[in-house]
Each structure stands twice: as C-alpha cells, then as structure tokens.
Amino acid sequence: MNPDASTIAAGAPIEVDLSPVAEGQDIKVFWRGKPIYISHRTKKQIDEARAVNVASLPDPQSDEARVKSGHEQWLVVIGICTHLGCIPIAHEGNYDGFFCPCHGSQYDSSGRIRQGPAPANLPVPPYQFVSDTKIQIG
Amino acid sequence: MSGPSDYQPSNPALQWIERRLPILGLVHSSFVVYPTPRNLNYWWTFGAILSFMLGIQILTGVILAMHYTPHADLAFKSVELIVRDVNYGWLLRNMHAVGASMFFVAVYVHMFRGLYYGSYKEPREVLWILGVIIYLLMMATGFMGYVLPWGQMSFWGATVITNLFSAIPYVGESIVTLLWGGYSVGNPTLNRFFSLHYLLPFLIAGVVVLHVWALHVAGQNNPDGVEPKTEKDTVPFTPHATIKDGFGVACFLLLYAWFIFYMPNYLGDADNYIPANPGVTPPHIVPEWYYLPFYAILRSIPNKLAGVIGMFSAIIILCFLPWLDAAKTKSSKYRPLAKQFFWIFVVVCILLGYLGAQPPEGIYVIAGRVLTFCYFAYFLIVLPLLSRIETPRPVPNSIADAVLAKTGSKSTPMVSTAIVLALAGALFAGSIDSARASEANDKPPGNKWSFSGPFGTFDRGALQRGLKVYKEVCANCHGLSYIAFRNLAEAGGPGYSVAQAAAFASDYKVKDGPNDSGDMFERPGRPADYFPSPFANEQAARAANGGAAPPDLSLIAKARSYGRGFPMFVVDFFTQYQEQGPDYVSAVLQGFEDKAPEGVTIPEGSYYNKYFPGHAIKMPKPLSDGQVTYDDGSPTTVAQYSKDVTTFLMWTAEPHMEARKRLGLQVFVFLLIFAGLMYFTKKKVWASSH
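From first to last, the protein sequence lines stand for chains E and B.
Quick note on numbering: our numbering labels position 90 of the first sequence as 90, and the sequence is numbered without any gaps.
Quick note on numbering: our numbering labels position 405 of the second sequence as 405, and the sequence is numbered without any gaps.
Derived by calculation from the structure, the hints in this document are not laboratory data.
Don't be surprised by glycine CBs; every beta carbon is placed ideally from N, CA and C.
There could be a bad hint or two in this list.
[Said to hold, decoys possible] Listed below are the simulated BS3-like cross-link pairs for lysine-lysine, each with C-alpha atoms no more than 27 angstroms apart in a straight line:
id, chain 1, residue 1, chain 2, residue 2
1, B, 443, B, 610
2, B, 618, B, 229
3, B, 610, B, 621
4, B, 468, B, 610
5, B, 618, E, 28
6, B, 443, E, 34
[What the hints assert, rightly or not] Computed beta-carbon distance windows for the label pairs:
id, chain 1, residue 1, chain 2, residue 2, range
7, E, 132, B, 165, 48 to 56 angstroms
8, E, 53, B, 543, 19 to 27 angstroms
9, B, 538, E, 115, 48 to 56 angstroms
10, E, 69, B, 598, 44 to 52 angstroms
[Unchecked claim] Derived, one-sided and incomplete: chain E residues facing chain B with beta-carbon distance under 8 angstroms:
id, residue
11, 3
12, 5
13, 7
14, 11
15, 14
16, 28
17, 65
18, 99
19, 101
20, 104
21, 106
22, 117
23, 119
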C-alpha cells in the first residue's frame, strides 16, 4: 500500500523562480501534493527570528540552521502544521510568521513553533539554490 | 444458536433441507422459541433497530456505489449527479448519510443501556467486548464514508484523522504514508478508503453474528439484572420480542424519516458542499457529531502524543469495564449511587460533544480538561470505588416477582425514551452548527421563504425572475456548472416547457469538438448542455478578479451557513429551520455599505459587507435598484432581486426539494399508521404477559 511508481515519479524535484517575489511577500507552491511556503523575509523578520534565545524554544533550532547561508532572506518551509496537518496562514499570529486556524498553533518568522499544540517546527524541505534567483526543491 | 435443535419442519421439502443443513432449526431456536426475559423494556429494542440500520446502510450503500466514482477529480461531481440525476438518488443519499447518524444514535443508546443495566457483567464480558469491536469498526467505517463525497470537510477530516497516527514515535510517519498511498491525502487515499468503506460493513455484519451468538449463549440481561430461573420468567421470542422490536423500529423510523425528508443537512456540515481543496483549510475543522466527544478529549490534552493516546483509550477503556466495575448487583435500578453517577456521566459525554464543536480557545479548553478528567474518573475511580462502598437495594428473587411488584409505573420507560431520543437527536447532534458562532458577529436576518417548512414549494415566479437575475448579473463572474438547461423544464423547477428550455439553451454558445478535422467549434446550446462557466479555469477566474475566484453558485445555498448557537439549533430541529444558507446569501447580497464603520479597515480592492465573515469581500456590490427589468410587475429593488435570485439558487442547490417534501408527507402518514398498528398488536400479544 506504499506509493506507486507514478506517484513517486510525480514527486520529482521542481524548480522555482524567485525573482518575482518582492521583499515581504511570499508564494505557495505545491510539491508532492504539499504546499511549500517560500517567504522573502524583511530585515525585521530576520532580526526577530535571530534575536530569540534558541534554548527557550519548544523545538530548539537556530534560524541559521533553517535557511541557506548567503540567502538569509529566503525561508522555505513545508506549510503543513506539525500538529494535525492543516495549512497555516502566512503573515498571521503574534510572531510575524504563520498561524494555524485549526487548533491555534503559532509559528515565528523562521517557521518555528512558538505557541499552541504543535510539537515541532515547520519542516524545511530539501532544496538548493541553482542560481541567486532560482531554487530546486526536492 | 446454542446446541443442536430438535426442530422438525412439517413440510417434506423443508425436512429434506433440515437434515442436510439445520438452518431452519437455527432460526427457530434463535428467533422463535428463544426465551427472552419478560421484563425487558423498550431500551432493549435498540438491538433490533441497530440490525435494521445495518441492513439499510448496506443496501443503500451498495446501490450508491453503483453510481459513485472514486476519483479525486470526479468524486464530488458524481455525488452531485447521484442526487440530481439518478432515480431517487437524493433519497438513497439522504438515507445513507442520515442513516450513518441514526446508526450512531442507536448505538449510543444501546451502549448507555448496557452501562446502566450492567449488561457487561459476568457472564456477558465477551458479548460486551464484541460490542466495543463493532463500535470501533463503525467509527472507522463512518469516517471513511464521510471522506467519499470529497468535499472540504471530507478532505480535511481525512488529513487530521490520518495525521493522528503520525503521533506514534518512530514509525508514525511511515504509517501515515502507508495510509495515504502518497505524500499527502489524495487520489490513492480516496481509492483505498472507498475499498475499505465497502469492506468494513461486512466485517461489522460478521462481528454482529458473533455478538448475537454470544448473546444467545449467555442469555439477555434485563432491567432487574436477575437471571431467568423458571419458565415463568421468560416469554418466547416470537411473537413477543419480534412485535415489540417491530414497534421500536417503527418509532425509530419516524425520527429517521424526519431527518431524511425534512432536514437532511441538519447533521452535516455546509463546508462539505465545497469541493475539496488541498490549498485551503476551512476555519473550523469539525468531525461528524458522533466523534465530537472524543475529538474534545483529543484537543483538551496539550501534548500531541498524549492527546492521541487519550482519545483512543477513551474507547478502549470500555473493554475493561467488566473488571473495573466489580459490583455484584447488575442493574443500576438497585444501585442508588451508581444510578446518579451514570446520569452525571451521560451529561459529561453530551457536554464533551458540545465542546468538540467549539473553537479550542479560552473557557472551552479549560472546560474540556475538566470534563476529560470526569470521563476517565467515571471508569477508573467512581466505578471501582462504588463496587466497594455502595450498599445496593435488595434485588427481587426472580423476574416474575419483579414484574408482579411493578404497578402503575409502566409508562415511565416510554416517556424517558421520548426525552432521550429528542435529546440525542437534537441537542447533541446539532451542536456541530454552533462551531461557527464565533466568526459571525452579524447574523443574517431571517427571511420568509416560500420553500421553508414541511409543505414548502418554490415560488415559480421567483425562480423565473431569479434565473433572469442570474443570467444578466451573476453569470458574468459565477458559474452554475451542475445545472443543465433541461433542468429548467423539470418538475419542481422554474416551470418552463421543454420547448422554452430548448430555446433558452440555444441562446448560449457551447464549445464542442473536436470535429473531423480535429478542431474545437462552437454551436448553440442544447437542453442536455450545462450552463457554461464564465471563465476557462479557476486560474483565469482568479486572475480576472483580483486573486479571489468567484465560487460556482450551483450549491452555494447549501455550502454557506452561519452559526445558530445554543439553544437555537435545538429549536431548529423542531421547527425544521433549514434556511441558514439562503438567509446568508440574501443577506450578503444586501449587506454592502459604502463606508465601513469606524475601526474596520478594508484592504485595497475589497468592499465592506456587513454579513461577510471578516467583512472584506472582493465582490463589488452586484445589484442596484432597477438594474434588471421584470415583466410581471414585481418591484425592481435590490431586496426583491436578492430574494428571487436566492430562491433560484436554493433550487439549483436542491432541484428535488419539492419531491423530497412531498414524499416525506406520504411516508409520515404511512409510518404513523404503521406504528399505531404495531403498538396495538404489541399490546394484544403482551396482554397476558404483564
């Protein structure tokens, strides 16, 4: 009952052009049926994400570990709440990040869980920069 | 079902069969001469009601499966086509969907009855555990069945419930992938759920056979909880129990038919009339009402894994009930303390159900935790403790003694049946609607609709005017993709003739092809064509309307709702109020205001609407006075336009509504007479046994 060959094939890596995404904006793309949020973070959002005491977080992880160095303004996360799988809404909640409407989990501008029932941070999908304005997810 | 039968049929052909397969003897010993305690009350008819409901569900389900398409792109549409085009498809679907709820109403009554009268105690432990297994199978079947229409609640319910398994350490994620057959809930998930939804009812039927077998070995429990000793304590199953069960089923059918014919959507969720969209989560994910208490337990525990364990143990704990409650006296009738705690437990369950439908915030979270504690405390603290400290009242020597001692109180079970049925049906089940209460600050005003109530019909003039408003105004942006031109000439619709519908169709250009040279071409519409959509696809619709795609209007009157809140949803059960959707649609059409009130900021490109959730709507004010001309002299005002187009959209959402209500009346007359006849037959049969 595991995924069949065509489902796996359809889950191949995709390329996303980042040039149309302005600062402060974000886009949602689908990869393997999952929504991927790509946020072009503002300076304020980055500073907020880095000012937090990592040890105090429910799922400790530094912002540096969640983005690619040299591309700190880009946050790429799988937009599926780690609680029960709803899609959080971007730019909502108290932490300048994501807010899940189902059971009230709140994520910060680095996609880390800050409040609510979700146990873990929004996962970062495997991706790399193929050029400065293009990434490959998968 | 116990031991060889000495039944000998008189017919030689039957004798021939009986010598080779003693099936008639089995039926005879199990359902004819089987001794049943003579003091059983009406709570004991729910076993028969449940068997009947299982039969109905399998029968309607098999026919529905003949018309259903289990594919992510087609499932939603195929369900709509069942309701619209299949002969009596609306009836089949209502029977099946409402039947699931009725099945659970009956099973909860059945379980609480077992709890109250100690039916799980020695020697009926296995019988009880088989019952819990049936209940678990029912929950799985109900959940997977709810996924099949592939609406928003189906999709997101499936996402949330399958994600429960991701809480299991180490193997959780792999289990979830295995359930999905992909990387998220999608077409493979729908396919396997369909397969399992078809399989599980037959497993249930198999376990039901075991359940009845165990019942007939241990014998039925009874309200006094003393085992039958002599022949005076029992009556033969037929005619006594059969006719009593028949009367019970007839009464239950009245409740069932009330939902099927008059409020088929009362127990459902409006969001499930929106096709599944993996990119948008509905604001409140609410399971079907029968899972709500367990959903409340899940949410009240702040840790994910602990929440999932808590939810499942709330059901599994029932298996251990025979050993948690060690009291020798079976029936709570003779246990003054246990009786009170039982009723407190019932209230706790109902309140948990109510909380399960509320948003998880503020006071609801705290109340949920308290009630979750109460739920488990009943099994783990109260029952074990009571069996040690409680002094039960003396039980009668025999069932015959109990029956003779009973005077004048015979009508009480009937009254309590009525009360609990009303409670179970209305209050508990309808709480789902109140989930939206918090978001609608401005409730749409109620309107007088020609189609409301048990005898409601569509106002033909309003339908025709509404069609005109749709065609001239709404159709510029909104599709009506489930409606074909032929529908305009069908009974219960706007009342056009076939020729008029064909003429109406020919005004439209419909894309057809490819022709022999491989090109697509346009031709005039035919009655069999569907209303063409104004945009080629959703992306085009989104791009042309500032990012918000105008929804298809075919189902809008059923896909929109607003919270009625407590106690209105209880009142609605009795008044058959079903018009939240039309009230909302008509209110939004009239709710535009030029200036937003102070404190409300409306983003660029949006408009203020008093009744739209969040108040910022992307649709500009669509109607203004005098915009559409009417030939019949009706006022050309926004109020009249809204009323007409809403009536029209109610018809598009449910073209067979008039047939539903008409058939409902006939069914009710029949059922009332049938139940009456059953009652008097039952009285006659039992005359000598009371």
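So, going through the hints one by one against the coordinates:
The suggested pairing of residue 443 of chain B with residue 610 of chain B holds, with an alpha-carbon distance near 9 angstroms, which does not exceed 27 angstroms. Using a Cα cut-off of 27 angstroms, the hinted pair residue 618 of chain B and residue 229 of chain B is violated, with the two alpha carbons roughly 75 angstroms apart. For the hint linking residue 610 of chain B to residue 621 of chain B, the alpha-carbon distance of about 12 angstroms falls within 27 angstroms, and the restraint holds. This hinted pair checks out: residue 468 of chain B and residue 610 of chain B have alpha carbons roughly 26 angstroms apart, not beyond 27 angstroms.
A C-alpha spacing of about 21 angstroms is found between residue 618 of chain B and residue 28 of chain E, which places the hinted pair at or below 27 angstroms, so the restraint holds. A distance of roughly 36 angstroms separates the Cα atoms of residue 443 of chain B and residue 34 of chain E; the hinted pair therefore is violated under the 27 angstroms criterion. Against the hinted window of 48 to 56 angstroms, the Cβ-Cβ separation of residue 132 of chain E and residue 165 of chain B comes to about 41 angstroms, which falls outside the hint. Separated by about 44 angstroms at the C-beta atoms, residue 53 of chain E and residue 543 of chain B break the suggested range of 19 to 27 angstroms.
Taking 48 to 56 angstroms as the suggested C-beta distance range, the pair residue 538 of chain B and residue 115 of chain E does not conform, at roughly 34 angstroms. In this structure the supplied range 44 to 52 angstroms holds for residue 69 of chain E paired with residue 598 of chain B, their Cβ-Cβ distance being about 48 angstroms. Given the 8 angstroms rule on beta carbons, the hint for residue 3 of chain E holds: about 5 angstroms separates it from the nearest Cβ of chain B. Interface hint status for residue 5 of chain E: violated, as the beta-carbon distance to the closest one in chain B is roughly 12 angstroms, over 8 angstroms.
For the restraint placing residue 7 of chain E at the interface with chain B, the shortest Cβ-Cβ distance is roughly 5 angstroms, inside the 8 angstroms limit, so the hint holds. Restraint check, residue 11 of chain E versus chain B: the minimum CB separation of about 6 angstroms is within 8 angstroms; hint holds. For residue 14 of chain E, the interface hint is violated, since its Cβ never comes within 8 angstroms of a Cβ in chain B; the closest pair sits about 13 angstroms apart. Residue-level restraint check for residue 28 of chain E holds (minimum Cβ-Cβ distance to chain B is 7 angstroms; threshold 8 angstroms).
Annotation: interface hint on residue 65 of chain E violated; nearest CB of chain B at approximately 21 angstroms, more than 8 angstroms. For residue 99 of chain E, the shortest C-beta to C-beta distance to chain B is roughly 11 angstroms, which exceeds 8 angstroms, and the interface hint is violated. For residue 101 of chain E, the suggested interface contact is upheld, since its CB lies about 5 angstroms from the closest CB of chain B, less than 8 angstroms. The beta carbon of residue 104 of chain E is positioned within 8 angstroms of a beta carbon in chain B (closest approach about 6 angstroms), and the interface hint is therefore held.
The criterion of a C-beta within 8 angstroms of any C-beta in chain B is not met by residue 106 of chain E, whose closest approach is roughly 13 angstroms, and the hint is violated. For residue 117 of chain E, the interface hint holds, the least distance from its beta-carbon to any beta-carbon of chain B being 6 angstroms, beneath 8 angstroms. This hint holds: residue 119 of chain E has a C-beta 5 angstroms from the nearest C-beta of chain B, less than the 8 angstroms allowed.
Hint check: violations occur at hints 2, 6, 7, 8, 9, 12, 15, 17, 18, 21; the rest are consistent with the structure.
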